[in-house]
Amino acid sequence: MKQYETVIGLEVHVELATKTKIFCGCSTEFGGAPNTHTCPVCTGMPGSLPVLNKKVVEFALKAGIAANCQINQYCKFDRKNYFYPDNPQNYQISQLYLPICHDGWVEIETSAGKKKIRIHEMHMEEDAGKLIHDEWEDCSLVDYNRSGVPLIEIVSEPDMRSSEEVIAYLEKLRCMMQYLGVSDCKLQEGSMRADVNLSVREVGSETFGTRTEMKNLNSFKAIARAIEGERERQIELIEEGRAVVQETRRWDDNKESSHAMRSKEDAKDYRYFPDPDLPPIHISDAWIEELRKSQPELREEKQLRYQEEFELPAYDAGILTESRHLSMLFEEVANLCGSPKKAANWFMGEVLRLTKDKGLDVEKVSFTPKHLADLIQMVEKKEVSAQNAKKVFEKVFDEDIEPVSYIEEHGLKIVEDTGLLNDTLQKIMDENPGPLAELLGGKEKVFGFFVGKMMRELKGKASPDAVREALVKEVEKRKNQ
Amino acid sequence: MAKIIDDETIENVCILAKLSLDDEAKEKAKQDMQKMLDYVEKLDELDTDGVEPLSHIFGDENVFREDVVTNGDNKEAMLANAPKAKEGQYQVPKTIG
Chain P
1 MKQYETVIGL EVHVELATKT KIFCGCSTEF GGAPNTHTCP VCTGMPGSLP
51 VLNKKVVEFA LKAGIAANCQ INQYCKFDRK NYFYPDNPQN YQISQLYLPI
101 CHDGWVEIET SAGKKKIRIH EMHMEEDAGK LIHDEWEDCS LVDYNRSGVP
151 LIEIVSEPDM RSSEEVIAYL EKLRCMMQYL GVSDCKLQEG SMRADVNLSV
201 REVGSETFGT RTEMKNLNSF KAIARAIEGE RERQIELIEE GRAVVQETRR
251 WDDNKESSHA MRSKEDAKDY RYFPDPDLPP IHISDAWIEE LRKSQPELRE
301 EKQLRYQEEF ELPAYDAGIL TESRHLSMLF EEVANLCGSP KKAANWFMGE
351 VLRLTKDKGL DVEKVSFTPK HLADLIQMVE KKEVSAQNAK KVFEKVFDED
401 IEPVSYIEEH GLKIVEDTGL LNDTLQKIMD ENPGPLAELL GGKEKVFGFF
451 VGKMMRELKG KASPDAVREA LVKEVEKRKN Q
Chain A
482 MAKIIDDETI ENVCILAKLS LDDEAKEKAK QDMQKMLDYV EKLDELDTDG
532 VEPLSHIFGD ENVFREDVVT NGDNKEAMLA NAPKAKEGQY QVPKTIG
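Residue numbers (the numbering used here), protein chains in the order written: chain P, 1 to 481; chain A, 482 to 578.
The hints are simulated quantities; they were obtained by calculation from the structure and are not laboratory data.
Be careful, since some hints might not be right.
As the list claims (entries may be wrong) - The list that follows gives simulated cross-link-like pairs (lysine-lysine, DSSO-like), each with its CA atoms no further than 30 angstroms apart: (1) P/K459 - P/K477; (2) P/K364 - P/K172; (3) A/K556 - P/K268; (4) P/K19 - A/K556; (5) A/K509 - P/K80; (6) A/K499 - P/K215.
Whole structure, please, built from the sequences with the hints as guidance.
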């Protein structure tokens, strides 16, 4: 059988995290009641005039700079004409001729190593409304809350060869956007969407095969499945001597198959032309320089800094920087407790474990950094047992309790006074005359039995070292009696 | 010679513009469009080498708005423009996903 290579390019739509829409002062908040965030501009009323949100340009520039793009310092908007009820103007305002950013690249890492994926362009555009199909009356209902929400569309070159590379690329973009504060990139809420352009060709071939475009992919898993499915479908067609038709296909994740979406009569003819309502944008060198200077530390830089400044292993630095939100929390805890490696262990252990166990979104994890820092220091000073500290941390994680007073109030503090320790020891020895006799008779194995009993009885109020020490003293004392 | 507007072109333009024209109107549209193309062909005679394409005539640049919410809930007023509404939404003929 012939060997085939999959060639994939992506069009990724990222919803920008602005407060208002791209051309009007309506809120972009997700989840509002239908049509409560609409006005004459975003519902396409005749005579209404769009005015560009400056933040959209800034966010697009930040994304472009981070992805090593060239900037079109003179750019403008174009109208893309098509009729569909989710698009009330009968055109979408987008950028065709002079997209704001072009010719960039990002680096991805897969099991095969590092690879550059080239970015063809990034352009600004408006989102469409949302259509719901009403089975009851056999009609469709439109909600224009999303109409006019700002997007950047990031178009890659056909540089990816597997679903693994595609997922790595998407994760790279998502992480980058989140670090830049440009988008939250939630696939399930649709703030990040990907269309997959895929073709196959025989290994070694220089020319591309006919590609299809796949839509409706709203999770990384669905994207991976759709890529595998479409690759198989195209190879099958080629093997049977049939042609792959250039078309848009819709992926159905439940059926794990795709079907052709557009028929011939809607053949694309968008008749783009410059939007006369929106004056061109001139991006000065000074503006770019200002944004370049204000770019936040991105993940790669942070990873390096963690290894140098905090002396953390590369593995730790990788995990701790996956989410910018979590990395900010970590840094505060690390600086407050003065022991980055200890803080790292708490984050990679307890924080991530609790996040996972409670089915929480990492971005929603929130507690006062000082609370964890205090707890780490108390463990360091042997004021609380590691086991109890973990229990107390769950309270910090859930309710953000103040751990120092909590530990005092709940009697979890390791007691320095030997009184309680000795009393407990006497009690346990009295209750276990058999093992005691063995211990006094020199049977070392029973030592652990007594330490265990003590620890349980004291419920972590004493450190194992203190218990061992008290036990050794008591045994010597009794032997000498 | 400018492109000839033939029946196929008119048909295509009608599909794109969602217009249905009778034969008489079609014939008239054909002639109008032909005149437009002839005019453009006349403009083509001008030497425009070295002239940047002009998309906007006023010379304004960078007309921006700050990212501040200025609009409240206009639902009722907006839906009043809808030919048909249902449950706070615009009701339209069934579309296929």
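Against the structure, the hints:
At roughly 25 angstroms between alpha-carbon atoms, P/K459 and P/K477 fall within 30 angstroms of each other, so this suggested pair holds. Straight-line distance between C-alpha atoms of P/K364 and P/K172 comes to about 20 angstroms, which keeps the hinted pair within the 30 angstroms bound. For the hint pairing A/K556 with P/K268, the CA-to-CA distance comes to about 33 angstroms; that exceeds 30 angstroms, so the pair is violated. With a CA separation close to 19 angstroms, the supplied pair P/K19 and A/K556 stays within the 30 angstroms bound.
Taking the CA atoms of A/K509 and P/K80, the gap is about 27 angstroms. The hint holds against a cut of 30 angstroms. Between the alpha carbons of A/K499 and P/K215 the distance comes to roughly 25 angstroms, so the proposed pair stays at or under 30 angstroms and holds.
In this structure, the one hint that does not hold is number 3.
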